[in-house]
Structures are given as structure tokens and as C-alpha cells.
Amino acid sequence: MEYAQIEIYTDGGCSGNPGPGGWAYVLRADGVFEKEASGGSKATTNNRMELTAVIEALKACLSYNPKKVIINTDSQYVRNGITSWIAKWRTNGWRTASKEPVKNKEYWVALDTLNQQLPVTYNWVKGHAGIELNERCDSLVRNEMDAILRG
Numbered sequence: 003m004e005y006a007q008i009e010i011y012t013d014g015g016c017s018g019n020p021g022p023g024g025w026a027y028v029l030r031a032d033g034v035f036e037k038e039a040s041g042g043s044k045a046t047t048n049n050r051m052e053l054t055a056v057i058e059a060l061k062a063c064l065s066y067n068p069k070k071v072i073i074n075t076d077s078q079y080v081r082n083g084i085t086s087w088i089a090k091w092r093t094n095g096w097r098t099a100s101k102e103p104v105k106n107k108e109y110w111v112a113l114d115t116l117n118q119q120l121p122v123t124y125n126w127v128k129g130h131a132g133i134e135l136n137e138r139c140d141s142l143v144r145n146e147m148d149a150i151l152r153g
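Using our numbering, read the sequence shown as starting at 3 and increasing by one per residue.
These aren't lab readings, by the way, just hints derived from the structure by calculation.
There's no promise every hint is true.
Dumping the calculated BS3-like pairs for lysine-lysine here, alpha-carbon to alpha-carbon at most 27 Å [what the hints assert, rightly or not]:
1) 44 / 90
2) 70 / 37
3) 105 / 44
4) 128 / 107
5) 90 / 101
6) 107 / 61
7) 44 / 70
8) 44 / 61
9) 107 / 90
10) 101 / 61
11) 90 / 105
12) 61 / 37
13) 128 / 61
14) 70 / 90
15) 69 / 105
16) 69 / 37
Please model the entire structure based on the sequences and the hints provided.
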């Protein structure tokens with residue numbers, strides 16, 4: 003099936019940084035179909051979880067054959083990284099402007115690969131601002147972290 007537009011909200015977080023973390027996304031296809039997914043890791047960072055949420059969401063999009071994908075993230079790190087910084091990182095051999103290795107390179111490479119396969123636009127949304135699907139993602143992330151902390 004083909005969709006005109008898929009809109010996705012993503013979130014990631016950690017209890018401590020590093021520490022137990024969770025990621026989540028909520029996906030709407032043509033404003034109707036909704037899918038959500040989440041997961042976690044015992045030892046991770048906030049940035050890794052934010053990246054994982056977007057990576058997993060885009061993987062899910064591949065089977066929908068969308069004409070347009072909109073990612074809504076409350077992470078400036080993710081939005082700026084994929085829309086501004088990544089081209090220079092690739093050119094510089096995955097090094098920052100200060101010649102340091104890019105942190106979380108394997109996540110950025112995975113995201114870059116998916117980004118090139120789909121027509122993606124990235125929007126930043128303010129976290130904890132009452133945006134329904136962003137709040138849902140935040141709740142899913144907290145559930146994942148709580149599950150890890152409970153053991």
C-alpha cells in the first residue's frame with residue numbers, strides 16, 4: 003500500500019546519562035493509521051536513544067512506500083545533526099570541525115542511510131509542551147526505563 007504522508011513523533015531518554023534508557027515512536031499514515039513502538043537498553047545515553055527512535059521509525063516507514071515522511075523530534079541534536087552537520091561529517095571522514103571522531107557514528111550512518119531512502123523532513127517540537135503524540139512517546143520511553151529499572 004502507498005501513503006501520501008507519514009507523520010511520526012519520536013522520543014528517547016535515559017535515567018542517568020549514561021544509564022538505562024528508552025526510545026519510542028508514534029506513526030500516523032495519511033492522518034489515520036497509527037502504529038507505535040518502543041524499546042530500551044540497560045546502558046546507553048540520551049542521544050543514542052533519541053537517534054534509535056528515529057532510526058526505528060524510518061525502518062518501519064520503508065514498507066509503507068510513503069511520498070512524504072515528517073519526523074517530529076524534541077531533540078535538537080537529532081534534527082541539527084541530520085539536517086546540518088552530517089554532510090560535513092561525511093566530507094571530513096566522520097570527524098567534527100575540531101577533528102574529533104563523531105560521537106555515535108554508527109547511529110548516524112544508519113540514520114543517514116535510511117534518510118537517503120525516504121523523502122524525509124525533520125521538525126523540532128518542544129518537549130513536555132502538551133503535544134499529544136510527543137507526550138505519548140515520552141510516556142512510552144518512561145515505561146521502557148521503568149521496566150529496566152525494575153529488572
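Status of the hints after comparison with the structure:
With a C-alpha separation of about 32 Å, the suggested pairing of residue 44 with residue 90 is violated against the 27 Å cut-off. Between residue 70 and residue 37 the alpha-carbon distance is near 17 Å, which keeps this suggested pair within the 27 Å criterion. Taking the CA atoms of residue 105 and residue 44, the gap is near 19 Å; set against the 27 Å cutoff, the hint holds. This hinted pair checks out: residue 128 and residue 107 have alpha carbons roughly 25 Å apart, not beyond 27 Å.
A threshold of 27 Å between alpha carbons decides the hint, and for residue 90 with residue 101 the separation of about 11 Å falls inside it, so the pair holds. Distance restraint check for residue 107 and residue 61: the Cα-Cα separation of roughly 18 Å lies within the 27 Å cut-off, and the hinted pair is therefore satisfied. The straight-line distance between the Cα atoms of residue 44 and residue 70 is roughly 34 Å, outside the 27 Å bound, and the hint therefore fails. As the CA atoms of residue 44 and residue 61 are separated by approximately 22 Å, the hinted pair is consistent with the 27 Å bound.
With a C-alpha separation of about 13 Å, the suggested pair residue 107 and residue 90 falls inside the 27 Å cut-off, and the hint holds. With a CA separation close to 31 Å, the supplied pair residue 101 and residue 61 exceeds the 27 Å bound. A hinted pair counts as satisfied when its Cα atoms are at most 27 Å apart, and residue 90 with residue 105 qualifies at roughly 14 Å. A C-alpha spacing of about 13 Å is found between residue 61 and residue 37, which places the hinted pair at or below 27 Å, so the restraint holds.
A threshold of 27 Å between alpha carbons decides the hint, and for residue 128 with residue 61 the separation of about 24 Å falls inside it, so the pair holds. Simply put, residue 70 and residue 90 have alpha-carbon atoms about 25 Å apart, close enough for the 27 Å limit, and the pair holds. Only pairs whose Cα atoms come within 27 Å are accepted, and residue 69 paired with residue 105 is rejected, the gap being roughly 31 Å. Simply put, residue 69 and residue 37 have alpha-carbon atoms about 18 Å apart, close enough for the 27 Å limit, and the pair holds.
The structure does not agree with the numbered hints 1, 7, 10, 15 stated previously, though it agrees with the rest.
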